[in-house]
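So the chains spell out like this:
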Amino acid sequence: MSRGPPGAAAIAAALRDGRTTAQAVVAQALETITALDPALNCFTATLADEARAAARRTDAAIADKGDGGALAGVPFAVKNLFDIEGLTTLAGSRLYASNPAAERDATAVARLRAAGAVLVGALNMDEFAFGFTTENPHYGPTRNPHDRQRSAGGSSGGAAASVAAGMVPLALGSDTNGSVRVPAALCGVFGFKPTYGRLSRAGTVALAPSFDHVGIFAGSVGDIALAFDVLQGSDARDPACTGRQPWPSLPVLDDGIEGLRIAVADGYFATGAVDEALDAVAHVAEALGATSRVRLPEAERARAAAMLITACEAAALHLDVLRANPDALDARIRDRLTAAALAPAGWVHDAQRFRRAYRDGVTALFSQVDLVLAPTTPFPAPGLGQDTIEVAGCEVAVLPALGRFTAPVSFIGLPALSVPVRRPGKLPLGVQIIARPWHEALILRAARVLEDKGTVGATVATP
Amino acid sequence: MAEDAADATADPTAYVDHAAKLLGLAIAPGNHGAVVANFRNLMDLAEAVRGAAGVPPDDPLALFRP
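For the protein sequence lines, the chains are E and F, in the order given. For the first sequence, the positions run 560 to 1022 when this note's numbering is used. For the second sequence, the positions run -15 to 50 when this note's numbering is used.
Hints were generated in silico from the structure; no laboratory data involved. Some hints here could point you the wrong way.
Unchecked claim - Each pair of labels, with its calculated beta carbon distance range:
| no. | chain 1 | residue 1 | chain 2 | residue 2 | range |
| --- | --- | --- | --- | --- | --- |
| 1 | F | Asp(-5) | E | Pro983 | 53 to 59 Å |
| 2 | F | Leu7 | E | Lys624 | 29 to 35 Å |
| 3 | E | Pro807 | F | Asp42 | 37 to 43 Å |
Beta carbons: idealized from backbone N, C-alpha and C, even for Gly.
Kindly generate the complete structure, drawing on both the sequences and the hints.
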């Protein structure tokens, strides 16, 4: 594996310094996509002509004003549930393919473009984002660049794999119960899910509105911070988007971890995983000097409640489709949503009551710690089509297990970054760095320390 | 609501058939087993949420707290 092509910050700097042009950078990205995507199936649409035109405009802006924006010339791609002006938004579904094209960009897309980034395409995902493996029966599976017989994870598999393969330095996905963090971990890249409500979801197709987050994939902590800062800001188009002032992370990225209280999640988060996943957490903890352990109270119940509420919210959103056109859906998703549509309201009410109590318990925990470390997934990438896997001597179902450690975190909207632990010659694994709401900058500071030490880092998978 | 939950637990297959009819959801015979299996999975999740200690009490004033 190699370090791969330049990241977003390096590209933007090279353009500012006149060492390259947006057209050259975008041409290279399109060439890489053409070469690799037939085997990996990351993209459902490549916007080559539009990207070349946007690159020309960026170069003209730089020639004219000397500044093309913080992300000038940076190629990026987005999960195909983000609206892209002029393109039909698929959300991984065959049903949506006949919809009219989106009339405007999703807010997140517009903000990256306004910063000079160049959109090159839309990325594959699980249908309706209701999965963890991006094995999409309508558009094909996305393959893991590190082992093409394995899943890229999901539901933002195309996004994670496109960064891991060096096609683009930056991609956007969505995370409901782990759909940014899981594929990031399985593909060996950084995957960031900020606090619920931090980033606008306007112009994205929802799965479960009280859980959905916009998330970022990149090959470095600096690139995550750069994109995060560009994306922050209130948005009247998304009622859940916070009105808080943006908290720029780049200016504090190198502030280190002195004084930060960092602990390893124990109990639930120290079981139900293969040894190497737990060893990865221990390795990261050692690098950060974290020796204490904490328990997120009732994490097992939190996962159950998260899965239940998610399924019911998703079923409510898609009830009309389930009535009118069920056979057009991925059969597994159809059957899960149909069952959830029938769930008694009392189950959801109980789960929401528990949600409030769980949030209170975890809030109390974060008065004692600043950052918590936990595995992202219980195991490395499973094989495509693999239904069960052995974990600690037990055969478990792959799909629910993949969200074991991510669901209890996003359940209450905590910010979390999955960092790729350096494991030369082995399949990628990730570790979550979790903070209290709105304290994303602390996460990124710790991740930067790990990256500088060489404990974590993304490597591009060469064919 | 309490009756629905009890009915669902007592006989999930009958409940699924009845509830699907009420909601206008047609379940093809070939999918029926999978839907019932998924419903049982949700039952297990609901049971896990209730847990040994039961569900925390309602907090009606939570809406008005900062």
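- Message: Hint compliance check: list the failing hint numbers for this structure, sorted ascending.
- Response: Failing hint: just 2.
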